[in-house]
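*Asks:* Just so we're aligned: the first sequence equals residues 0 to 576 in numbering that gives the first Met the number 0.
One thing to keep in mind: the hints can contain errors.
Derived Cβ-Cβ restraints for the label pairs, each shown as a range [to be verified]:
#, residue 1, residue 2, range
1, ALA66, SER574, 22 to 28 Å
2, GLY420, SER23, 34 to 40 Å
3, ASP277, SER448, 57 to 63 Å
4, ARG213, ASP417, 34 to 40 Å
5, CYS150, LEU48, 40 to 46 Å
6, ALA66, ASP345, 48 to 54 Å
7, SER448, ARG29, 47 to 53 Å
8, SER23, LEU77, 29 to 35 Å
9, SER329, GLY350, 35 to 41 Å
Quick caveat, the hints were computed from the structure, so don't treat them as lab data.
Using N, Cα and C, we set each Cβ at its ideal position, and we do this for glycine too.
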Amino acid sequence: MKRELEACFDAALVRLGWIAPSGSLIERPRETGHGDYSSHVALRLAKSLGKSPLAVAQTIVSNLPPAFEIERIAIEPLGFINIHLSQEALLRELARMMDGTHPYGHSPPGATRVLIEFVSANPNGPLHIGHGRGAAFGDALARVLEATGSCVEREYYVNDAGRQMDILALSVWIRYREYLTRVTQAFPSAGYQGDYIRDLAGKLVGAEGSRFLRDDERAPLPPDTPESDGADRHVDARIALMKEALGDEDYAAVLDFARGQMLELIRQDLLEFGVRYDRFYSERSLYTEGQVNELIRLLAERGETYTQDGALWFRASTHGDEKDRVLMRSNGAYTYFAPDLAYHLDKMRRGYDRLINVLGSDHHGYAPRIRAGLEALGEDPHHLEVRLVQFAVLYRAGQRVQMSTRSGSFVTLRELVDEVGRDAARFFYVMRSETQHLDFDLDLAKSQSQENPVYYVQYAHARIASLFRECAERGLELDQSDRQDWERLDQPLERTLLTILIRYPEVLEQAADGSAPHLIAQYLRELAQAFHAYYHAVPLLVSERSLRNARLSLCFAARLILADGLSLLGVSAPSKM
RNA sequence: GCGCCCGUAGCUCAGUUGGAUAGAGCGCAGCCCUCCGAAGGCUGAGGCCACAGGUUCGAAUCCUGUCGGGCGCGCCA
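Assemble the whole structure, with the sequences as input and the hints as a guide.
*Replies:* Right under this line is the structure:
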């Protein structure tokens, strides 16, 4: 609708030989008295034309091509042009909504290929509530992009190489020996202490029996002190002893087992959260397939590296990063930056039109570093779109729920979903702009009343479903064949509801363009409210057939949009509650 | 100290890429079921858009500075 009107205005400007100003010609006025749409082109053009805005507006309006969409057009003294839509235009949109072959507001799949990487949490523990927000946001964004015609792939980058995997293996192995020997072992403070490690150890016993049972207590160990890096040195020594005790092959077997199980746990958590990935991309594969080495070679060829203090550095500061970055440490081990950059180079080369990275806000230093690397490699760094998701803080009974990663006693995504349900969790996560810190009120998310926005929206959907069940019982099925009936939709509340419904395509477009799924949540609340008001004020199951058909059609359309919007957020649309 | 994000109603937040008199929800004060779901509806009060400058026909929105909050700044991951 907006697009049609914009075309009209464009045509008028072309006819007049005036150059359209940048930005949108048509917008939604916030005052309902200012029409369904309005334009401020005249104000923008007045100065360059040397005429008054009012005169410009009058000229434009008199040059508009005739359009059936427009019922009435009003020029305000300031120069605003206000457009009131015809009922015919509204009903044409209603017909599009009711058309079952194509969801209203969606675009058919096009050629644009998008890769969206999100969550990508390290596989050394279960997902927590911070990851949950990234998951809800990333997946909703993916769904919105799909709905607006993009071909989307969801990808999870698995940091399954390096020291943290060693720590995971060690942690599991210690619990494994405890499990078998019933003797409590000294547990390193830098190890992973959560109960899930015990679960993994139990599974290891189930799968492999006691074949990894060895002793590692021989050498004197560095003390496990919190001062300086005592804990790190201690854990590294324990890892070395473990490797020695098990031998390379068995060590790799334990590590692979722990890694595989951990990944499976994460995959399962995400699946139950309604998030399905197309690909889990392994960091380790970048080593085994030589991409890390190739990256280093490419950078060196381009003169982007140098050696200092025995380490290999990348000249990041010449590409906009605040300082140079180490690629390979003096001990010969790669930093995480090297494979991460190799990964992003690989993504670039796979030929997507858009690359989106959803990261936690604590990773904001990461983007300039990767961009610097891509630029040094001759890629366009702006091709990578980074969305930073701010933290979520849980509140229970008005009190902040403390989150501590130490001792592994953080709130997991699974616990959150168990407590408030998947629908509430997903809706609350994406209800606010991802740039905002999120206060997640657990009590509100659980409450089943109007104060809870999820229930409010879902209730509107269930209410319509119930209405149609009532119809069926009374033998008053909706007859969609006769669209002449729709002209009976002449109540102000019906017009209000219709104008909200026809806005849906614009909301989707805006949410897709701005990576802003929260706009959909906002919109659904508004739509639900308009429906509830309508439902309350206007009798729907009236005896007169044509009037009843008209009103039921409107309800039917509202139901379709509510269900569609909820599904884009990954929230169910129940028929009964 | 440097960098990124954020300051809008008592609380939690929108604000359509610079437009008209500033928008919701919750909370608060009232009112509304003989009726298709009251898990609902209606009405009301509540604002110096953190502060100070600047840009222009026009600023919550853009620029600069100040104050306040969150986060990040390793040969960690």
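*Asks:* I want to verify a distance hint. Is the separation of the beta carbons of ARG213 and ASP417 within 34 to 40 Å?
*Replies:* holds, 38 Å
*Asks:* Okay, ALA66 versus ASP345 on CB: inside 48 to 54 Å?
*Replies:* holds, 50 Å
*Asks:* With respect to the beta-carbon atoms only, verify the hint that ASP277 and SER448 lie 57 to 63 Å apart.
*Replies:* violated, 39 Å
*Asks:* Given the hint of 34 to 40 Å, check if GLY420 and SER23 actually sit that far apart at their C-beta atoms.
*Replies:* Holds, at about 39 Å.
*Asks:* How does the Cβ-Cβ distance of SER23 and LEU77 compare with 29 to 35 Å: does it lie in that range?
*Replies:* Check failed, 18 Å falls outside 29 to 35 Å.
*Asks:* The hint says 47 to 53 Å between SER448 and ARG29; measuring C-beta to C-beta, is that right?
*Replies:* violated, 29 Å
*Asks:* Note whether the CB distance of SER329 and GLY350 lies within 35 to 41 Å or breaks it.
*Replies:* holds, 37 Å
*Asks:* Kindly confirm whether 40 to 46 Å is satisfied by the beta carbon distance between CYS150 and LEU48.
*Replies:* Holds: the Cβ-Cβ distance is about 44 Å, inside 40 to 46 Å.
*Asks:* Between the beta carbons of ALA66 and SER574, is the distance compatible with 22 to 28 Å?
*Replies:* With Cβ atoms ~39 Å apart, the hint is violated.
Checked against the numbered hints above, the structure violates hints 1, 3, 7, 8; every other hint is satisfied.
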